[in-house]
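Residue 150 in my numbering sits at position 150 of the sequence shown, with consecutive numbering throughout.
Accuracy of the hints is not assured; some may be wrong.
[As the list claims (entries may be wrong)] Straight-line Cα separation of at most 30 Å, DSBU-like style, residue types lysine-lysine; simulated pairs:
1. Lys64 to Lys268
2. Lys253 to Lys268
3. Lys259 to Lys64
4. Lys216 to Lys181
5. Lys259 to Lys181
6. Lys238 to Lys253
7. Lys64 to Lys238
8. Lys268 to Lys47
9. Lys47 to Lys64
[As the list claims (entries may be wrong)] Derived CB-CB ranges, DEER-like:
10. Arg210 to Tyr265: 48 to 54 Å
11. Ser149 to Pro61: 18 to 24 Å
12. Ser168 to Gln215: 36 to 42 Å
13. Asp199 to Asn32: 29 to 35 Å
14. Ile137 to Tyr265: 47 to 53 Å
15. Pro61 to Ser40: 30 to 36 Å
16. Thr14 to Val196: 31 to 37 Å
17. Glu62 to Ala200: 58 to 64 Å
In short, the hints are calculated from the structure, not lab data.
Virtual Cβ for every residue (Gly too), placed ideally from N, Cα, C.
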Amino acid sequence: MYRLNQLLAVPLDTEIDVPDTMRVGNLVALENSLLEMLFSDLRISQKYAGFLTEQLYNNSPELKIAAGAGEIARQRADMYKSQRYMPEVALIAGADQAFIREGMISNPQLPVPPPPEDITWNIGVRLSFPLFNGGKIKNEVAKANVQMSQAQLQQEDLRSRLEQAVMSNVQFLNASYHEMKLANDASEAAEANFAVVRDAYSNGVADVSRMIDAQKALYGAKTMVLNSSAQFVLDFLKTERLQGNYTFLGSEKERLVYKNNLVTYLNKVK
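Model the full assembly from the supplied sequences, consistent with the hints where possible.
Following this line, the structure appears as structure tokens:
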């Protein structure tokens, strides 16, 4: 707290409330009962990875960008293909009429007379066929087809890499969850041991060195809880990023729908 107050340029004895890591984790991650179900069995964890993969297909911005690039290439290829057979059509129209105005210096302020009957009209249609652009159009079509094939390959490669990332991150999430549970168990054991040593020290049975060792063990266990909880939250955020949707930012109704969809998927898939 001393260093934090010094960094913030406030009095050194100022008390600052620091958010609890576990509380932040509860806001970001799923509820504990659902997490216990997801990571209690490896098969259920694999189902969870399958659910995240489906979410990935629907929400991933990277896949949407890749699909958009492929669609642009396809439309470009179709456009050049249509130019092989479709002529350019032009409609031409015109009218010629000579108006006679008297005077050489200024125009008389007279209304314009109606056009005489000898006005000349012309109208026409022009068709242009790309007879001499066939080679150029053919090259453009081939180029667009190559770009479309490249976009499809890139999209498939991106999908494969994202799927592998989801599977790997679920494994990391599983490991960090169990590490967090072990850290909590160790912290509870350290608290119980500290309580016993404290009572023994108060009754004069334990010496001060044993009391200090118990305090150090409790401090180390609490530190492990904080570190493991923070790592779990980070792994969970990475998982949310991979599926293309941060569910904890949604409304309570949206989070409930997401949870129901997840439970339904886990019960449906064998």
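Here is what the structure says about each hint:
With a C-alpha separation of about 27 Å, the suggested pairing of Lys64 with Lys268 holds against the 30 Å cut-off. As the CA atoms of Lys253 and Lys268 are separated by approximately 22 Å, the hinted pair is consistent with the 30 Å bound. Distance restraint check for Lys259 and Lys64: the Cα-Cα separation of roughly 24 Å lies within the 30 Å cut-off, and the hinted pair is therefore satisfied. With a C-alpha separation of about 20 Å, the suggested pair Lys216 and Lys181 falls inside the 30 Å cut-off, and the hint holds.
With a CA separation close to 22 Å, the supplied pair Lys259 and Lys181 stays within the 30 Å bound. Restraint check: the Cα-Cα separation between Lys238 and Lys253 comes to about 23 Å, which is no more than 30 Å; the hinted pair holds. A hinted pair counts as satisfied when its Cα atoms are at most 30 Å apart, and Lys64 with Lys238 qualifies at roughly 19 Å. With a C-alpha separation of about 10 Å, the suggested pairing of Lys268 with Lys47 holds against the 30 Å cut-off.
Between Lys47 and Lys64, the direct Cα distance comes to roughly 24 Å. Compliance with the 30 Å bound is thereby established for this hinted pair. Checked against the hint of 48 to 54 Å, the pair Arg210 and Tyr265 passes, with Cβ atoms roughly 52 Å apart. For the hinted restraint 18 to 24 Å between Ser149 and Pro61, the CB-CB distance of approximately 23 Å keeps it satisfied. Checked against the hint of 36 to 42 Å, the pair Ser168 and Gln215 passes, with Cβ atoms roughly 39 Å apart.
A C-beta distance of roughly 31 Å is found between Asp199 and Asn32, which places it inside the suggested range of 29 to 35 Å. Distance hint check: the CB atoms of Ile137 and Tyr265 are about 49 Å apart, consistent with the given range 47 to 53 Å. A beta carbon spacing of about 32 Å between Pro61 and Ser40 agrees with the range 30 to 36 Å that was offered as a hint. Checked against the hint of 31 to 37 Å, the C-beta distance between Thr14 and Val196 comes to roughly 36 Å, which is consistent with it.
Evaluation of the 58 to 64 Å hint for Glu62 and Ala200 yields a pass: the beta carbon distance comes to about 60 Å.
Checked against the numbered hints above, the structure breaks none of them.
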